[in-house]
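Input sequences plus hints: build the corresponding full structure.
Chains A and B, in that order, give the protein sequences. Each step along the first sequence adds one to the number in our numbering, with nothing skipped, and position 197 is 197. Each step along the second sequence adds one to the number in our numbering, with nothing skipped, and position 74 is 74.
What the hints contain is simulated information worked out from the structure, not anything from laboratory work. Owing to the predicted nature of the structure, the values given are computational and were not obtained by experimental measurement. Do not rely on the hints blindly, as some may be mistaken.
[Unchecked claim] Covered, in the sense of this in silico footprint (three residues per stretch, anywhere, with C-beta under 8 Å from a C-beta of chain A), are these stretches of chain B: (1) 109-118; (2) 128-142; (3) 288-295.
Here a beta-carbon is modelled for each residue, glycine too, at the ideal position from N, C-alpha and C.
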Amino acid sequence: MGLLEYALIGGVLYGLFFALVGVGLNLIFGVMRMINLAHGDLIMLGAFGAYWVFHLWGLSPLFGIPLEVVGFIVVGMPLYYLVVPRLLHTRDPEMLSFILFFGLSQVIEASAVLGFGNNQRSVPTSTLGRGAVNILGQSFPPAWVVAAGVSVAAILALYAYLYHSRFGYATRAVMASREEALTAGINVHRISAVAFVAGFCLAGLAGVFAPYMLGAIDPNMGVDLTTVSFAIVVIGSLGDPLGTVIGGLVYGIAIMLMQTYLPSWSNLLPYFLLIVIVLIKPSGLLGRTVRHA
Amino acid sequence: MRRPGVLQGGAVLALLALGFGLVPLFYGNQSLLFSMMAYVALAQGLNVAYGFTGYLPFGYVGFFGAGAYGTALAITFLHWPAVPAVLGGGVLALIFGVVLAPLLRLSGAYFAIANLAASQVLYYVVANPNLTSVTQGPYGIKLTSVFAPNLSYAVLWVILLLATGAAVYLRTSRLGLALRAINQDPVSAEMAGVNLVRGRMVAWLLSALVAGLVGGVYGWHVSVFYPQSVFTLRISIFAIVFVLFGGAGTVIGPVVGAVLLYGLYDVIGISTPEYFQLIYGALIVGLVLFLPEGLASLARRRGWDVL
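What follows is the structure in structure tokens.
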């Protein structure tokens, strides 16, 4: 039975990490009703940030986190004001933003290939601790535990922000209804810009742990990560950042079980889950409302 | 403004027919012309779905791959001659389209991503080593026994004209008008008596069929291909970019977009694909922000109603 227990506990650790992978996408969708198709590419940039911090300066990849947060704030803020207000005034903001972020993802991917080369790279797992961590009789690499711990901390921080701060209340008001938030005197653009940048930073944070959780990293990993994130977010329900934790856990446990018992079919899983969920319950496991027409 | 008519449609068809029919006589690079023609047809097929119904099939390549593999299976296992096998590939893509039809219940981005996921599922099934006895798994398909570059070129030429003809039909017919109404406001269209489900279904299946046929004839033309090469997301992406660039919902737009951008790709993209990716990524961002209706809207601003 060791195999099953390993898959289940590993799945929880893995799933918590994937909750962090998806949560930034969900935050941006919740506030702006836009799907950030460049999400996976931001995670890729985060992963390369961790890689370079380790390889250039020999520091722990964790030092990449503050650097990336600063970087994403510097880039994300102007990007928001350049792109989003303009998009919101178009004929079909949802579809056009989808296409625009897709273009952005191509620009990031191409620049990363030009800048970093097309090779796979990795960070030694010993940089986040040696040996093994024992959980309920199963041993896991320390990096997994650290990644899961940071994910939980980041999601708790997001929860605290959304539910226990003034800005957070305003953010949830914008999520509920942009127009009504506007009439209530909330500075919708400022709230949205903060959420936009926070979504970027969460992607970068997930990226720092990507070399440990996903093995090798390369500039082309973004598209797959975007699809997986989207699957996780939809499983949990779009627009509800906390549902993403459930989505991540479902995904993590399912992928671990697949890799244990049916390894050759496991790469089908995220896509399959995604299709099944959107067809059966497009609003996600926690969703209340269903879109019509 | 008069609605553009069948006459202009005939002119576009004639131009395409003459262009891709005559250029090979004095320009030797058949593989470039073949790929360009394939992308014009794919862009036109995608336009039938996206331009007329607003459903963006991000996994459009799934139909292309289904067509290529359907054709290959018909040749390898049923020993069909190549041309009926290409039709068989088209039918397989059509069946895939019927299977995916429930996705049309979703809207906007949900549909696009679910469709992308569906094409990935198909890719992983085809490339799965457990199915090597059927699809050759990741090891690829060889159709060298039926290799016929000139005949397959001619068949693609016919498919291109059919796809463009379908777009002309949608642009000028009552059905096309109904689809535009659905696209702009589904609820009002339905109240006005437009059959929503039927209209979307026709456009969707037509679009799937075009991609399947193009995929089939592509597989036949190159005669050696791998799952990665016929299921690569790049095919969907190119078709989408070409349509957006030219102008979705028009007949000329996708043709102009595909010819111009594929030409550009051929000059700079094949040796250094990253530069091309950078350019078209920036192009998409620019288009959405400044020219969301594509090149066609430039003409429309001057008062010409582009076909």
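Do the hints match the structure? See the list:
Given as covered by chain A, the stretch 109-118 of chain B passes the check, having 8 residues with a CB less than 8 Å from a CB of that chain where 3 are the minimum. Note: the stretch 128-142 of chain B has 3 residues with beta-carbon separation from chain A under 8 Å; the three-residue rule is met and the coverage holds. Counting residues of the stretch 288-295 of chain B whose beta-carbon sits less than 8 Å from any beta-carbon of chain A gives 3, enough to reach three: the coverage restraint holds.
Of the numbered hints listed earlier, not one is contradicted by the structure.
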